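Below are the chains, spelled out letter by letter.
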Amino acid sequence: MGDRITLQVARYRPEKESEATFQEYEVPYTKDWVVLDGLNYIKDRVDGTLSYRWSCRMGICGSCGMMVNGEPKLTCATFLADYAPAPVRVEPLTNFPVIRDLIVDIGDFMRKLVSVKPWIIREQEKPLSQGEYRQTPQEMDEYKQFSMCINCMLCYAACPIYGLDPKFVGPAAIALAQRYNLDSRDEASTERLEILSDHEGIWGCTFVGECTKVCPKHVDPAGAIQRYKLSAALEALKSFLIPWGTS
Amino acid sequence: MVVKRQLEPLLWLLFSAGGVFAALLMPSLLLLFGLAFPLGVLAPPSYEHLRAVLSHPFTLLVLFFLCTLSLFHWAHRFRYTLYDGLQIKHLNEVITVLCYGGAIIGSVAAAYLMLRLGMA
Amino acid sequence: MDTPTYTEYHPRWLRRRVSTYWWMQRGSYFAFILREVSSLSVAWFVVYLLMLVRAVTQGQASYLAFLEWSRQPLILSINIVSLGLVVFHAITWFKLAPQAMVVHFGGRRVPGSVIAGSNYGAWIVASVVVIWLLVGA
Chain A
1 MGDRITLQVA RYRPEKESEA TFQEYEVPYT KDWVVLDGLN YIKDRVDGTL SYRWSCRMGI
61 CGSCGMMVNG EPKLTCATFL ADYAPAPVRV EPLTNFPVIR DLIVDIGDFM RKLVSVKPWI
121 IREQEKPLSQ GEYRQTPQEM DEYKQFSMCI NCMLCYAACP IYGLDPKFVG PAAIALAQRY
181 NLDSRDEAST ERLEILSDHE GIWGCTFVGE CTKVCPKHVD PAGAIQRYKL SAALEALKSF
241 LIPWGTS
Chain G
1 MVVKRQLEPL LWLLFSAGGV FAALLMPSLL LLFGLAFPLG VLAPPSYEHL RAVLSHPFTL
61 LVLFFLCTLS LFHWAHRFRY TLYDGLQIKH LNEVITVLCY GGAIIGSVAA AYLMLRLGMA
Chain E
1 MDTPTYTEYH PRWLRRRVST YWWMQRGSYF AFILREVSSL SVAWFVVYLL MLVRAVTQGQ
61 ASYLAFLEWS RQPLILSINI VSLGLVVFHA ITWFKLAPQA MVVHFGGRRV PGSVIAGSNY
121 GAWIVASVVV IWLLVGA
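Quick mapping for you: the protein sequence lines, in order, are chains A, G and E.
Counted from 1, the first sequence has number 98 at position 98 by the working numbering; the numbering is strictly sequential.
Counted from 1, the second sequence has number 83 at position 83 by the working numbering; the numbering is strictly sequential.
Counted from 1, the third sequence has number 105 at position 105 by the working numbering; the numbering is strictly sequential.
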């Protein structure tokens, strides 16, 4: 022991400043410490005023997303060892407004998520007495990857389109809509397409691909969106060529 | 607008088709006619041979689709580049008209030139 | 949007602006913009191709004049840059195709490598046909 590493942490205290500043802290360094351990050390022993979100510390709750040296990361899954001995810069997630220190407002994402109706919608619900909706393993594989999303919003921080146009629905919301569209138990693809076929819906995406690169759960939202575009475009083509409808 | 909603996915399909055509054919064609022939690395085709290849109906058809779809590929991609990259959203309608209008004009020109060669 | 009233319990949020040079801040952003800019090269080649077609229609003299014109340093430089961009477009297009297209065959998903491979294969076949048709005659 005795090894130390410097964390340069962004501070923003609206009651006394109008811009963000950086504060340097020295924390102990071991091979198995993650950035979150460093932040917790600061909060417990050095500066209790530092504010940040975290919960499960094992990469499943999605709370601890922050920018580490300019890259969106889960701080509970980012090892200090990968950055030592240089100082590690910790900032709040890009493209979101900062409430305080490292905490961002995620209301925009929450509203967008609800707007795509991420739940199973059926025309006729089966009564409980008739049992469950059954699904083969192949049917589950269709959407399983997109169900892995933990709503950590690293993809929104990485997406330049979301940064340039905050009205864009964004990678996670579209991937989750697709998760339900591809679920054999769901019957609301058309309904979701109505919501998402806006300029700020799936068509706003230009396949930069950064979202897939930063996703800690390998959801591949970029792939979800492109597949969604293809199916939506083929649907539009069908209804263009066969205007009297196929259903 | 309902029309706009139907139009965007179809424009994306044109963009995709154009992307495929451009990716498959342009590298070799541009290598030949843009670099190899002018620089003399490879001997350019004789006039008679080139004319025979070009005026074949199949070639004309492929070239027509290559030109038209590639222009719509450019129009769609460039429109979004201007929209996102330059952040000039307020000129959205102007950009749309200039891009797809340009593609339409180019396609008409392509059709005219192909027909002229085919019929000459 | 009216300015919200900032209180002790709802203080002013910090809204960071996206820099005009956002695309230079990351290698992958720059590559993305380069890929988008390649569409200009695509459009340029359409113009170039149509000029060639017109020259061929007009006769041998026009065709030779076109070849002469294509040797101009300015045109040559434009074409060199365009070739680079068009090849970049092709490579990135085929690399991303498997992500966008999920094909099911016989109840199983066709692996991405097969889709990418067949795209590259088609590219090679098309290029060979083009070269075979035009070179050495």
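Simulated from the structure, these hints should not be mistaken for lab results.
Keep in mind that a hint or two might mislead.
[Claimed, not checked] Listed below are the simulated DSSO-like cross-link pairs for lysine-lysine, each with C-alpha atoms no more than 30 angstroms apart in a straight line:
no.	chain 1	residue 1	chain 2	residue 2
1	E	95	A	31
2	E	95	A	126
3	A	31	A	238
4	A	167	A	126
5	A	167	E	95
6	A	117	A	217
7	A	31	A	217
8	A	117	A	144
9	A	43	A	217
10	A	16	E	95
11	A	238	E	95
12	A	144	A	31
13	A	117	A	31
14	A	43	A	16
15	A	167	A	213
All of these numbers come straight from a predicted model, not from anything done at the bench.
Comparing the hints with the structure gives:
1. Under the criterion of a C-alpha separation no larger than 30 angstroms, the hint pairing residue 95/E with residue 31/A is inconsistent with the structure, at around 36 angstroms.
2. Taken as a hint, the residue 95/E and residue 126/A pair is broken in the structure, with Cα atoms around 43 angstroms apart against an allowance of 30 angstroms.
3. At most 30 angstroms may separate the alpha-carbon atoms for a hinted pair to count; residue 31/A and residue 238/A exceed this at roughly 57 angstroms.
4. Our distance criterion of 30 angstroms between C-alpha atoms is broken by residue 167/A and residue 126/A, whose separation comes to about 37 angstroms.
5. Of the pairs offered as hints, the one joining residue 167/A and residue 95/E holds, with about 29 angstroms between alpha carbons and a cut-off of 30 angstroms not exceeded.
6. The straight-line distance between the Cα atoms of residue 117/A and residue 217/A is roughly 22 angstroms, inside the 30 angstroms bound, and the hint therefore holds.
7. As the CA atoms of residue 31/A and residue 217/A are separated by approximately 23 angstroms, the hinted pair is consistent with the 30 angstroms bound.
8. For a cut-off of 30 angstroms, the pair hint linking residue 117/A to residue 144/A stands: about 17 angstroms separates their Cα positions.
9. The hinted pair formed by residue 43/A and residue 217/A meets the criterion: a straight-line CA distance of about 28 angstroms does not exceed 30 angstroms.
10. Restraint check for residue 16/A and residue 95/E: not satisfied, since their Cα atoms lie roughly 50 angstroms apart, outside the 30 angstroms limit.
11. For the suggested pair residue 238/A and residue 95/E, the alpha carbons sit about 28 angstroms apart, so the restraint of at most 30 angstroms is met.
12. For the hint linking residue 144/A to residue 31/A, the alpha-carbon distance of about 34 angstroms lies beyond 30 angstroms, and the restraint is violated.
13. As the CA atoms of residue 117/A and residue 31/A are separated by approximately 43 angstroms, the hinted pair breaks the 30 angstroms bound.
14. Our distance criterion of 30 angstroms between C-alpha atoms is met by residue 43/A and residue 16/A, whose separation comes to about 20 angstroms.
15. Under the criterion of a C-alpha separation no larger than 30 angstroms, the hint pairing residue 167/A with residue 213/A is consistent with the structure, at around 22 angstroms.
Checked against the numbered hints above, the structure breaks hints 1, 2, 3, 4, 10, 12, 13 and satisfies the rest.
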